[in-house]
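2 protein chains.
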Amino acid sequence: MTRASLLLASLSVFALSLTPAQAQSELLTEARDYFQPIPHSVPTVADNPVTREKIDLGRMLFFDPRLSRSGLLSCNTCHNVGMGGDDNLETSIGHGWQKGPRNAPTVFNAIFNTAQFWDGRADDLKAQAKGPIQAGVEMANTPDRVEETLKSMPEYVERFQRAFSGEADAVTFDNMARAIEAFEATLITPASKFDLYLEGNEAALNDQEKEGLKLFMDTGCASCHGGVNFGGEGYYPFGVVEKPGADILPPDDKGRFAVTQTADEEYVFRAAPLRNIELTAPYFHSGMVWDLKQAVGIMATSQLGADLTDEQVEAITAFLLTLTGEQPVVEYPILPVSTSATPRPELMEPIKN
Amino acid sequence: MTRASLLLASLSVFALSLTPAQAQSELLTEARDYFQPIPHSVPTVADNPVTREKIDLGRMLFFDPRLSRSGLLSCNTCHNVGMGGDDNLETSIGHGWQKGPRNAPTVFNAIFNTAQFWDGRADDLKAQAKGPIQAGVEMANTPDRVEETLKSMPEYVERFQRAFSGEADAVTFDNMARAIEAFEATLITPASKFDLYLEGNEAALNDQEKEGLKLFMDTGCASCHGGVNFGGEGYYPFGVVEKPGADILPPDDKGRFAVTQTADEEYVFRAAPLRNIELTAPYFHSGMVWDLKQAVGIMATSQLGADLTDEQVEAITAFLLTLTGEQPVVEYPILPVSTSATPRPELMEPIKN
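Protein sequences appear in the order of chains E and V.
In this text, residue positions in the first sequence follow UniProt numbering: the first is 1, and each later residue adds one.
In this text, residue positions in the second sequence follow UniProt numbering: the first is 1, and each later residue adds one.
Derived by calculation from the structure, the hints in this document are not laboratory data.
No incorrect hints appear here.
Identical copies go unnamed one by one, so any copy, or any two together, can satisfy a pair.
List of simulated lysine to any residue pairs, SDA-like, C-alpha gap at most 20 Å:
1. Lys293 / Met153
2. Lys151 / Trp290
3. Lys193 / Gln36
4. Lys99 / Glu346
5. Lys151 / Val337
6. Lys99 / Val137
7. Lys99 / Leu347
8. Lys293 / Val337
9. Lys151 / Glu278
10. Lys293 / Arg344
11. Lys99 / Met348
12. Lys254 / Tyr236
13. Lys99 / Pro251
14. Lys293 / Pro343
15. Lys151 / Asp291
Just need the whole structure built from these sequences, with the hints factored in.
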């Protein structure tokens, strides 16, 4: 073989291998415009430096049912770290077996959301953490009673003092929320198949998943469900093209309208983050849809007026399943023991047996 | 110095050092007649070889709320591994916020009990595990629905097949209980101060704790609260000398009588195991006493007719606090994801908000 023919041969091999690689690269380039990967290490948190002391304290608080009035419910009850970071219920069960108004969002990767709750009424996780603890339908507690509880246990007092050293009164409801936020910042799920893809391993997605990714971007899903979390960044009316049925969009829950009192925010909700969507059924704020394919179909019709074929819905669904990341490894904390000063559990009219 | 005077001198040193050592040794000898230490490794379990596959599967099942009809309550809800292995409630809260009839016993070291439940109605932990899952006031589920749930998730099916290899139908309610028992066998708390003492380190207890130990044996407590678990081995009437008040011994709960239908077993209960008693308030089957000293006083009067001084009660209490062992380190399991075949959560008349 001459040098020229060698060169030609190697060029044609190069060209052959380049063509599909180039096509994939366009998809990857487009994907990188819309999405960012979950980082491999704990992110920094605004106004709340994440330290080992805070993480460990936050983990204890996250699992401590004594943050609830009943002594039965902890953050983990509804944001179960073994179940994708939520409770897999339509809407959560709280104090006195009350049924909450909305589906519990996952705590995983929540640190990357622009705002928290379905209506974005909390700016960050430290604001969010204070909500369910006080909500009558959830943990039904008060900041004073929580502080009394935490101050009654010497180990908590010591741990707050270490985590918030230099503060004269370290054991506060606010610092409780900061510690919980620091722990929650560790609940991230990197290394999903899609993240490997975004990082440049184009073989991490198969053809159907790539087709789904393309459809997800070209049909318009990614306009609301973009960023690190595939959502959690902006607010949109549910049913912008066609309102779904009252079972899925209950008329009495007007979403962000309750926060802003602005008429054009009726039925406006935060676009749900779609990371680990495989693990967080049932779907929507009403929790009325258990099947992911059905949820994709509803979104296409109600939000985009798109009439997708079954194959297209299946491809998008296959793509969404690539968003399942490595689940966080959490050691169950050994909680401080109650003392005679710890407020006793207060139940709500329990049904006597 | 002559050889004779040297000998005398060394003999007298020997005698001086021997006297207190001998006194301690007598206490230790007596203690070893009554009690055995918690072993440092997982004990063998009758009819249920403990394997890594079973432990891991059992850990998942122990934390899985889908074993309950509501999808909300797991074994860990009432036997919280971060809180001494129980729920720190007077009596547990179950399905529909029903209040259970008795205080939840700790799961820690329960593998060493001769029988399970306050009335000993289950011979072992694999029999015990099936109880609360089916009790209407607790998890309110059925064996069929549990098996349907477990069979709906491929990861559970695989794990059951590995843990119970060779069985044609591995995913059964019985095998679920065996796996839970295997995991619970790992929930032991060795190396308490008292265990160090029993192992021969006589300095592990201080003088007050030793005085408490002596009183615990000489007053008669140890006759019922002996063995590895300081109880959990025999059945005794509550109030054998003097019945406590109806708040502490509710007249409608006749204890073991319900199991044996024998008149002389009215108000007979299993002597409660006292390991980690520091962590498992409130006390008694009614859960009506939160203070350990008060519980000791009640036991002395009602069971032994002993009128202990405050100092004596305090010494016994100080001794009981030496029974807190190393708490087990448990990694929170990542649970298999539900499928379309998984039975949906069924709530009980939730209070609508």
